[in-house]
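Position one of the sequence shown corresponds to residue 1 (the numbering used here), numbered consecutively onward.
Keep in mind the hints are simulated off the structure, nothing from the lab. Please note that a few of the clues may not be correct.
To be verified - Derived DEER-like restraints, expressed as beta-carbon distance ranges:
| hint | residue 1 | residue 2 | range |
| --- | --- | --- | --- |
| 1 | 390 | 242 | 22 to 30 Å |
| 2 | 424 | 101 | 50 to 58 Å |
| 3 | 82 | 123 | 16 to 24 Å |
In this text, a Cβ means the ideal position worked out from N, Cα and C, and glycines have one as well.
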Amino acid sequence: MKGPDEWDGRELPGSPGERPRIPSPRSAAEDHGPLPDTPPAPVRDPASDTVETLPDAGPGSGPPAVPQAPQPLPDPDPAPPHRVLKSLLGAWALAACSAEETAAVETHLTDCASCADEALRLRDAVGLLHPADSLDLDPLLRSRVLEGALGRRPARIPVPDWAAPYDAETAKLDALLHDMGEAEWRAPVRLRWFEGDRPVERETTVAGVMGHLMAVDGLVATALGLTDPLGTAAPPGTPDPLIRTETFWRAAHETRRPLTVHAPWRDQSYALMRQVSFAGSKVAELAVPYGDFRLALRDSFLDRAFECWVHAGDIAEAVDYPYVPPATGHLHQMVDLAARLLPSALADRRRAGLAAPPQRLVEAGAPGRTLHLEVEGNGGGHWYIALDSPAALGTPERTVAHIALDSAEFCQLAAGHISPEEAAAGQDGERDAIREVLFATASLSRL
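Kindly produce the complete structure, drawing on both the sequences and the hints.
Written out as structure tokens, the structure reads:
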């Protein structure tokens with residue numbers, strides 16, 4: 001037996017015992033032009049268990065090279081690595097990825113269980129950051145959507161124009177109250193109004209304010225034939241907003257459950273809007289008693305809208321939340337109501353000895369001494385207030401004094417939130433007439 005390095009010369013070239021030949025060094029293939037097509041892979045003969053190779057390409061080409069498997073072409077757009085895709089999961093959950101990043105992340109989530117679990121946790125967490133009804137929604141969104149919808153297809157039973165401000169203001173307040181917890185419902189609220197010649201304050205809670213609104217709105221509800229929210233506890237005799245409010249507060253204090261007032265108030269406001277929408281103009285002049293005075297239903301709805309807005313501002317201030325004023329058209333209707341009530345308010349103050357007697361009486365409907373009230377800004381306008389009698393007619397020709405007020409300040413004065421002395425009014429003309437109209441405006445406020 002020969003050793004591995006022994007050769008006796010019988011192993012001739014081409015014989016079965018031929019010793020392998022070592023080829024001479026070759027130059028790089030690309031030095032001779034384009035590379036040839038990749039040869040097919042060798043085929044194994046199952047019978048002989050040998051591998052067939054391709055024939056020699058020609059003299060000088062050396063022994064046949066071992067065929068190599070075809071190499072895949074590089075991916076022109078390779079997927080980002082795992083660490084990059086994992087860092088994008090937070091942005092993906094917030095829908096902040098680009099379209100390409102989103103596609104790459106979602107493809108990766110089908111192959112990576114750990115990233116898929118993390119993505120689910122992040123998506124659930126993002127859901128908690130966006131409640132179904134957020135206080136950050138524009139309070140006027142509902143009104144704008146309704147306005148747009150009605151502009152395309154008018155409602156079969158439209159809301160009367162004089163009830164639209166109440167509808168909008170109750171919807172805004174309902175949105176403010178929606179996400180409040182019990183602690184916020186117990187937040188202290190300072191109510192302010194004007195009695196006689198002095199300001200008055202009363203401290204209650206957010207729940208107490210809502211109880212007050214529901215009790216006084218109940219006067220409108222009962223005038224329309226709806227259920228009184230006070231039920232059997234309603235005080236007998238002539239309805240009075242203050243007595244009704246205190247009755248409700250006593251009953252609510254016994255239950256000690258502040259959250260229970262929200263749903264009944266909202267349901268009552270819905271019922272009021274349904275009732276007047278179906279009745280329409282038939283009930284516009286229906287009288288609503290307010291203790292020692294009455295208002296037509298159309299004016300009563302404006303009064304309730306104004307008070308809803310004012311007290312919603314009181315609540316927003318108590319819980320440190322911004323609140324926007326009414327829409328311009330709605331605010332103008334509220335200011336107009338206050339201006340129309342001023343001659344009667346002047347007469348009431350005279351009867352109470354709080355204002356000087358009239359200087360010149362005239363027949364009902366005849367022109368008399370007049371004050372020109374100019375309200376500037378959103379919802380503003382010009383009004384001519386009869387000074388000596390509610391039945392007199394205010395005219396520009398009989399004007400003896402002029403007051404100019406910003407609309408926001410006029411509303412704050414009418415709500416009793418600022419005193420007549422604090423009102424920054426532009427004044428011209430008879431000083432006594434100006435003073436009496438400013439105090440009469442403040443006297444429109446009440447609890």
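We went through each hint and held it up to the structure:
| no. | hint | in the structure |
| --- | --- | --- |
| 1 | 390 <-> 242: 22 to 30 Å | 24 Å, holds |
| 2 | 424 <-> 101: 50 to 58 Å | 56 Å, holds |
| 3 | 82 <-> 123: 16 to 24 Å | 19 Å, holds |
Of the numbered hints given earlier, the model fails none.
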